[in-house]
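A.B. asks: Residue numbers (the UniProt record's numbering): 1 to 141.
Among the hints, a few may not be true.
Cβ-Cβ distance ranges computed for the label pairs, FRET-style [unchecked claim]: (1) S112 <-> I90: 16 to 24 angstroms; (2) S111 <-> Q60: 16 to 24 angstroms; (3) S136 <-> V38: 37 to 45 angstroms; (4) G81 <-> E23: 40 to 48 angstroms; (5) S52 <-> E23: 24 to 32 angstroms; (6) Q60 <-> N124: 14 to 22 angstroms.
In short, the hints are calculated from the structure, not lab data. Ideal Cβ placement from N, Cα and C applies to all residues, glycine included.
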Amino acid sequence: MKEISNPWQNEDELDSGKRTPAEWISLGFATLILTGIVGLISYNWLTKSSESVIINIQVQAPIKEIKGKFYVPFKIDNQGGKTVELVQAIAELKINDKVEETGEQVIDFLSSNEEVEGAFIFENNPQKGELKLKISSYKLP
């Protein structure tokens with residue numbers, strides 16, 4: 001049976017098994033790119049695995065009154081190295097040492113170094129009592 005030859009290669013290149021300079025350059029670039037990707041993934045895995053979750057919540061001024069309701073703007077930021085899901089934020093308003101109102105927010109997704117803003121809405125004026133904001137829970141993806 002006769003072998004089908006490649007019309008773009010001469011017989012010497014088929015028999016010798018040598019690579020052309022273009023093939024060596026392509027192989028070098030492909031190897032460099034693959035090595036870089038594997039290196040970055042390994043570095044990220046080694047450095048991020050030991051970091052903890054650090055989530056902060058704070059009131060952003062000013063508190064606004066609109067149509068008898070009080071809007072308390074807040075900011076949540078994830079300063080840790082891990083992404084979190086279902087971050088639960090709770091606001092508690094005490095007036096005369098009695099809890100008058102509570103509010104709850106759930107942030108679906110918060111990646112590392114990400115900030116999210118929102119607002120709690122109260123019937124009572126938070127400036128006439130003690131307002132506490134806290135993060136109560138989160139889930140690792």
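A.B. asks: For each hint, tell me whether it holds in the structure or not.
C.D. replies: Structure-based check of all given hints:
At roughly 23 angstroms, the beta carbons of S112 and I90 sit within the given window of 16 to 24 angstroms. Taken as a hint, the range 16 to 24 angstroms holds for the pair S111 and Q60, whose Cβ atoms sit roughly 20 angstroms apart. The beta-carbon spacing between S136 and V38, approximately 39 angstroms, falls within the hinted interval of 37 to 45 angstroms. At roughly 42 angstroms, the beta-carbon separation of G81 and E23 lies within the given 40 to 48 angstroms, and the hint holds.
Taking the beta carbon of each, S52 and E23 are about 48 angstroms apart, not inside 24 to 32 angstroms as hinted. For the hinted restraint 14 to 22 angstroms between Q60 and N124, the CB-CB distance of approximately 19 angstroms keeps it satisfied.
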